[in-house]
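Spelled out, the chains give:
There are 2 protein chains.
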Amino acid sequence: MDAYVTVDIGGTHIRAATFLRDSTQPIKHQRTSTHSADGALLDRISTLIETVWPEKEKVKAISVASPGPLDPKSGVILATPNIPEWRDFPLGPKLADRFGVPVYIDNDANLAALGEWRYGAGKGYHDVLYLTISTGIGGGVIVNDQLLRGARGMGAELGHVTVLPDGPLCSCGQPGHLEALASGPAIVRFVREQLAAGAQSALKANPGLTARQIAEAAGQGDALARQAFQQAGEYLGLALASLIHIFDPSIVIFGGGVSQSGRLLFDPMKASLRKYIFHPAFLNNLAIKTAALGDDAGLLGALALAKMALKY
Amino acid sequence: MDAYVTVDIGGTHIRAATFLRDSTQPIKHQRTSTHSADGALLDRISTLIETVWPEKEKVKAISVASPGPLDPKSGVILATPNIPEWRDFPLGPKLADRFGVPVYIDNDANLAALGEWRYGAGKGYHDVLYLTISTGIGGGVIVNDQLLRGARGMGAELGHVTVLPDGPLCSCGQPGHLEALASGPAIVRFVREQLAAGAQSALKANPGLTARQIAEAAGQGDALARQAFQQAGEYLGLALASLIHIFDPSIVIFGGGVSQSGRLLFDPMKASLRKYIFHPAFLNNLAIKTAALGDDAGLLGALALAKMALKY
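Chains as they are written, first to last, in my numbering: chain B, 1 to 312; chain A, 1 to 312.
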């Protein structure tokens, strides 16, 4: 039976899993640390792939979810903040040489969107807007059952849309991007700034302050913590209104750790979305859901990528 | 030989033209006023279609470029500011009944984008961002050789993205949309406001002041007029940076009357785009062009729509 080998290169771990053609349950899976002194990253990924390689089944393809930016056509990783030694690194060609099968690569947010569309919260929908909110804000878009890639494979950078031209600087250096207003670090920065300005709160400006701790404080009624999520949700709703005017999706899916803060973020987001949508018809039958695949979104997105490329 | 009948419903005129399958030169064309006391609009459109109906050739389809919002799947015009009597009006089904051929409908900006992509400035490109700047700002997007429609056919409303959350009100009622900052009326409003505040200028706040007059004054060195285009261009560049982060197009095409003001608008737009783009790779080989089809974009877009629907 045909098999598909998938790899998900995450910030802390790299995972690999092998699927048979009609299943989303892996027959083998394995993981390793992304950062290790124990050999070059490419060699460790290759070893991981060998570990999950099936004994009998014929492997049709290897597919990889990687942090970007990258070029999905050539399989070259252009640059990724987390892996400085990979700059213009031809990961796809190198793996194809080594294993003798086609290799497909796309960025993690795109593949999470693809995975959720084919196997998760977006199953059965044709126009999907996916946002992952954690340390950064990433995006993936399905337009009429096709993954939006763009001419250079660099599209769907939904965290890097300007929401507030005079707003705080984004990790990318530009002012007022959505990522600078509604990601985990943006929520933490707001709390720090308010504490420094003398705001009362149970929270302390300790170096390890996290969005999760702020969510917990908000759950216990802390006013500053609630305000931080209120503001992030309002900006998220404002940006989402523009994205809906652009894509007119049938479903919006939220992934990433910050999305797990639930109504704390989504109540103000929805109120803001209703306020800023310019025609109510855009909200007719618009589903808003949280991601269903959890940590497996990258692997299952890579599986979907290979199957679509091979038209299975 | 097969023929295609196309209709373009504009603000002042309705045009119809018939094309043979391998040509973009119409064998017949005719136009009439959009507004007239001489019978219902649908009847006048039907008469116009009869006028251009070919004697011998077999008509494969009628296709219509209409102001929106409309539902391209059902052919129903939901509402259009310019034609108040058409509310939830089943234009497609009515024409299909009357003429016994398939009828395809989409909104004017989408079809102008489609026309430019297939026959005009965007020929040979696969990922096209089209913006028309005139009384309003409309958009059309080609993603990997497919027209972006959205789940309800309401996507690509690129004039209705928020650029400045505390900015002036848009015609749609929302604050700070691109249309409220860079359309013709937005440029006029800025000049009026500055004149009212005492700015020196050769321009007078007469009721008929137009963006074209302001462009002419700018060409003669009027500082206020130049400032108005400078500001509109800057906002346009800011919005375009976000749209490029979202779509990663290979070409951006500008249509509409205000685009004909040339470098007055595009020099500040390009400077602003370079400032706000978050990675220079997005600008590699990015073509920026003005539309090539002029007033024929709607008819040729409708022609492209019918041919694509019929897979020719």
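Be aware that one or more of the hints could be misleading.
You can't tell identical chains apart in this list, so a pair holds if it fits in one copy or across any two.
In silico BS3-like pairs for lysine-lysine, Cα to Cα no more than 27 Å straight-line [to be verified]:
1) K73 - K289
2) K275 - K311
3) K275 - K28
4) K270 - K56
5) K28 - K123
6) K307 - K94
7) K123 - K73
8) K73 - K58
9) K289 - K60
10) K123 - K204
11) K289 - K270
12) K94 - K289
13) K270 - K204
To be clear, the hints were calculated from the coordinates, so they are not data collected in a lab.
Going through the hints against the structure:
1. K73 - K289: Answer is between: at 26 Å across copies they meet the 27 Å cutoff, but 31 Å inside does not.
2. K275 - K311: Classified as neither; 42 Å inside a copy, 41 Å across copies.
3. K275 - K28: So K275 and K28 fail the 27 Å test inside a copy (48 Å) and across (48 Å) alike.
4. K270 - K56: neither (50 Å within a copy, 57 Å between copies)
5. K28 - K123: within (25 Å within a copy, 47 Å between copies)
6. K307 - K94: Result: close within a single copy only, 21 Å intra versus 42 Å inter.
7. K123 - K73: both (26 Å within a copy, 22 Å between copies)
8. K73 - K58: Classified as within; 24 Å inside a copy, 43 Å across copies.
9. K289 - K60: neither (33 Å within a copy, 43 Å between copies)
10. K123 - K204: Cα proximity of K123 and K204: none, with 42 Å in one copy and 58 Å across.
11. K289 - K270: within (12 Å within a copy, 38 Å between copies)
12. K94 - K289: neither (38 Å within a copy, 38 Å between copies)
13. K270 - K204: Cα proximity of K270 and K204: none, with 29 Å in one copy and 44 Å across.
In this structure, the hints that do not hold are numbers 2, 3, 4, 9, 10, 12 and 13, in rising order.
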